[in-house]
Amino acid sequence: MLNGIAPVLIFTIKNNSKALSPVFNALESVPLIGKDIAGVVAGIPIPLYLDERITGLYVENEARNIDIETKPEQRFDDKSPYFYQRALNSSVSVNIIASKSSLLLSVLLAIMDMIVPKIVSRNYSISYFNGSTLILNGLLQGFNTVTGNDDDLVRITLQIQKEHSTPDITSQILGKVTGAIPGLS
Amino acid sequence: MIFDWYKIFNLTEWLEEGLVSRKLSVSLDGKGETELLICQGNETSIQVDDVFLPINFGGKNPWSFSGYGVYLDENNDVWLGFEVEE
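Protein sequence lines, in the order shown, are assigned to chains A and B. Each residue of the first sequence is one higher than the one before, starting from 2 at the first, in my numbering. Each residue of the second sequence is one higher than the one before, starting from 735 at the first, in my numbering.
Read the hints as simulated data drawn from the structure, not as lab findings. Honestly, I wouldn't trust all of these hints.
[As the list claims (entries may be wrong)] Below are the DSS-like pairs computed for lysine-lysine, each with C-alpha atoms no more than 30 Å apart in a straight line:
| # | chain 1 | residue 1 | chain 2 | residue 2 |
| --- | --- | --- | --- | --- |
| 1 | B | K741 | A | K72 |
| 2 | A | K177 | B | K765 |
| 3 | A | K72 | B | K794 |
| 4 | A | K101 | A | K15 |
| 5 | A | K15 | B | K794 |
| 6 | A | K163 | B | K741 |
| 7 | B | K741 | A | K80 |
| 8 | B | K765 | B | K794 |
| 9 | B | K757 | B | K741 |
| 10 | B | K741 | A | K101 |
| 11 | A | K119 | B | K765 |
| 12 | A | K15 | B | K741 |
| 13 | A | K80 | B | K765 |
| 14 | A | K15 | B | K765 |
[Unchecked claim] Covered, in the sense of this in silico footprint (three residues per stretch, anywhere, with C-beta under 8 Å from a C-beta of chain A), are these stretches of chain B:
| # | stretch |
| --- | --- |
| 15 | 735-744 |
| 16 | 760-769 |
| 17 | 785-793 |
| 18 | 805-814 |
C-beta: ideal position from N, C-alpha, C; glycine also.
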């Protein structure tokens with residue numbers, strides 16, 4: 002496995018301090034992929050090893066989803082319809098089991114709280130490595146925890162979305178013309 | 735009546751596609767995201783905010799109803815209008 006020992010989650014929180022950015026850009030030293038991770042979101046990398054023995058977090062299973070919306074447009078005269086497709090998401094869903102007493106569980110929950118205000122600005126990224134599953138600079142799509150009363154386990158579902166570029170919305174805004182009819186004020 | 739007009743599509747190009755309907759989601763300056771439905775029956779119409787606007791209906795151009803208007807210009811471009819206070 003790329004990670005070598007156990008699945009790895011790396012949260013990178015953007016550091017707005019220009020003086021400290023080079024210092025906290027430690028991931029650049031990771032062979033092969035360091036620049037890919039650190040170059041996009043220069044910030045504080047926080048790795049979490051999902052190993053039952055080391056951190057008390059265990060990956061029970063994971064799923065990979067790619068959802069695509071297909072819209073047909075019907076036409077007259079028996080012509081075949083147009084089909085328009087767009088990607089809805091490309092994500093990985095990771096189910097983690099943690100012990101209630103795990104310190105890293107508290108760290109994970111705290112990191113999630115740190116990420117929520119940064120959702121709009123995207124000043125964070127999530128990378129996940131587990132064997133053939135690799136997400137670099139992903140975004141948070143969903144997070145929930147379930148705590149049972151019959152055991153001391155916490156079941157966590159973490160959904161990571163592959164990052165897509167932000168569309169240029171300003172170029173798609175239609176300008177207005179005011180008047181009784183367009184062109185006549 | 736005074737409207738804020740937005741150019742939505744070209745009627746000639748729309749008729750060439752031969753579609754029955756098309757849903758559009760457009761960003762309008764000053765109004766934000768708006769969903770429109772372009773419908774093709776005997777004539778072409780636009781539906782916006784549950785208001786049905788037939789283009790050039792009965793020769794009336796612009797056609798307006800309930801604060802909304804639709805106008806077909808000399809280039810066959812279709813404009814959608816929202817009435818503003820004069």
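Hints the structure fails to honour: 3, 5, 6, 10, 12, 13, 14, 17
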